[in-house]
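Enquirer: Next come the chains, spelled out residue by residue.
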Amino acid sequence: MNISFIGLIVTIIGAGVSIWQAILARKYTKKAKTYRDEVLMDRHKRTLFDLLSYSKLASEECKKIVKPVGKPMRGVDPQQAINILEGLYEKLNENMHNINNVEIQRLSTELRGNIHSYKQENTPASKYICAEHMQSNINSIISTLAELRDTAS
Amino acid sequence: MNLQEMINKILSDPIRDWNVIVCWGAGSGPSYHNKFTVWSGGFDDSDAQNIEIDSHSHVVSLKSDLSIGMEWGITHNDNFVEEWANKFPDKKATSHFIDFFYNGMLVHRDVYVSVDGGRCEIPLPEVEYNGDGSIKKLTITRNEYNLFEHINKLFATSYFDQYISNAGIEIIDVKWPQ
Numbered sequence: 001m002n003i004s005f006i007g008l009i010v011t012i013i014g015a016g017v018s019i020w021q022a023i024l025a026r027k028y029t030k031k032a033k034t035y036r037d038e039v040l041m042d043r044h045k046r047t048l049f050d051l052l053s054y055s056k057l058a059s060e061e062c063k064k065i066v067k068p069v070g071k072p073m074r075g076v077d078p079q080q081a082i083n084i085l086e087g088l089y090e091k092l093n094e095n096m097h098n099i100n101n102v103e104i105q106r107l108s109t110e111l112r113g114n115i116h117s118y119k120q121e122n123t124p125a126s127k128y129i130c131a132e133h134m135q136s137n138i139n140s141i142i143s144t145l146a147e148l149r150d151t152a153s
Numbered sequence: 154m155n156l157q158e159m160i161n162k163i164l165s166d167p168i169r170d171w172n173v174i175v176c177w178g179a180g181s182g183p184s185y186h187n188k189f190t191v192w193s194g195g196f197d198d199s200d201a202q203n204i205e206i207d208s209h210s211h212v213v214s215l216k217s218d219l220s221i222g223m224e225w226g227i228t229h230n231d232n233f234v235e236e237w238a239n240k241f242p243d244k245k246a247t248s249h250f251i252d253f254f255y256n257g258m259l260v261h262r263d264v265y266v267s268v269d270g271g272r273c274e275i276p277l278p279e280v281e282y283n284g285d286g287s288i289k290k291l292t293i294t295r296n297e298y299n300l301f302e303h304i305n306k307l308f309a310t311s312y313f314d315q316y317i318s319n320a321g322i323e324i325i326d327v328k329w330p331q
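Sequences listed follow chains V and A, in order. Per this note's numbering, the first sequence starts with residue 1, numbered consecutively. Per this note's numbering, the second sequence starts with residue 154, numbered consecutively.
It is possible that part of the hints are untrue.
Covered stretches of chain A (chain V as the covering partner; in silico rule of three or more C-beta atoms under 8 Å from a C-beta of chain V) [claimed, not checked]:
| hint | stretch |
| --- | --- |
| 1 | 220-232 |
| 2 | 264-277 |
| 3 | 302-312 |
Below, simulated SDA-like cross-link-like pairs (lysine to any residue); rule was C-alpha separation at most 25 Å, straight line [what the hints assert, rightly or not]:
| hint | chain 1 | residue 1 | chain 2 | residue 2 |
| --- | --- | --- | --- | --- |
| 4 | V | K45 | V | Y35 |
| 5 | V | K127 | A | K244 |
| 6 | A | K240 | V | E60 |
| 7 | V | K63 | A | T294 |
| 8 | A | K245 | V | K45 |
| 9 | A | K244 | V | R74 |
| 10 | V | K71 | A | P167 |
| 11 | A | K289 | V | K45 |
| 12 | V | K71 | A | R169 |
What the hints contain is simulated information worked out from the structure, not anything from laboratory work. As the structure is a prediction and not an experimental result, all values here were calculated from the model. In this text, a Cβ means the ideal position worked out from N, Cα and C, and glycines have one as well.
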């Protein structure tokens with residue numbers, strides 16, 4: 001009978017330890033989920049900042065190939081500008097799952113179309129028109145990314 | 154005073170007559186001539202506005218005639234790509250505006266190129282092309298050469314001649330500004 005009593009006490013203590021460990025495990029799981037969400041949010045913000053930065057660079061390059069007011073701008077390599085714009089499109093595409101925004105997707109597709117048109121056009125006048133469309137695209141992308149960044153902050 | 158007389162005055166006055174104010178770097182003040190770029194757009198036609206500001210980095214007035222001023226530095230092209238400008242050890246070249254003022258009024262604007270990573274400032278040369286699109290000749294006027302020789306001696310390099318020669322630029326005796 002004494003042995004049974006001791007066994008009962010040990011069992012109760014064991015059950016208590018198990019319950020305590022289960023409570024601790026639940027607590028740490030919640031913490032881990034919180035940390036995971038924080039990491040995901042930080043990655044999301046970083047992606048937006050990187051894309052914003054690259055978009056601004058693309059905007060500056062695009063300004064060089066739009067219609068000049070006077071003489072054509074010297075020292076401009078249109079292919080370099082196009083390479084940067086294509087780079088922007090690729091970056092947006094790579095990070096679309098992270099951005100998860102329909103407007104950005106639409107603008108990105110539009111940008112791709114305008115880049116393609118620019119490459120196809122033969123006359124300076126029509127190239128300028130394409131470049132202006134691309135610039136408008138990029139400005140909208142920048143503003144939309146900025147809104148997303150401000151919402152995420 | 155007409156434009157040519159003003160340029161001649163700048164070129165004939167010795168460098169010690171130049172009142173030079175540097176407007177970039179820590180502790181410097183503004184040049185009060187700025188280039189603003191404003192653009193807007195966003196979700197749902199919102200009124201988001203963005204402003205970018207660029208300024209002249211150097212201001213010069215003549216001590217003998219304060220009506221005459223020169224300023225330069227505002228960026229024209231932050232990545233200038235032409236073969237003659239990218240052939241130096243540091244291939245990075247940028248172009249900037251140089252402005253001439255009379256009684257505070259902008260009277261002439263030109264462009265110069267900062268080559269070899271900013272080690273020399275060269276006036277933007279006129280280009281003549283061959284039939285196949287290759288460059289036949291690069292030229293600057295004698296007045297441009299003289300002006301930028303002064304500017305480089307003050308702020309950049311004393312090897313201006315060497316840079317002009319290495320770039321393959323010829324100096325011609327043609328009126329400037331036209």
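Enquirer: Name the hints, by number, that the structure is in violation of.
Expert: Result: hints 3, 5, 7, 8, 10, 11, 12 break, sorted rising.
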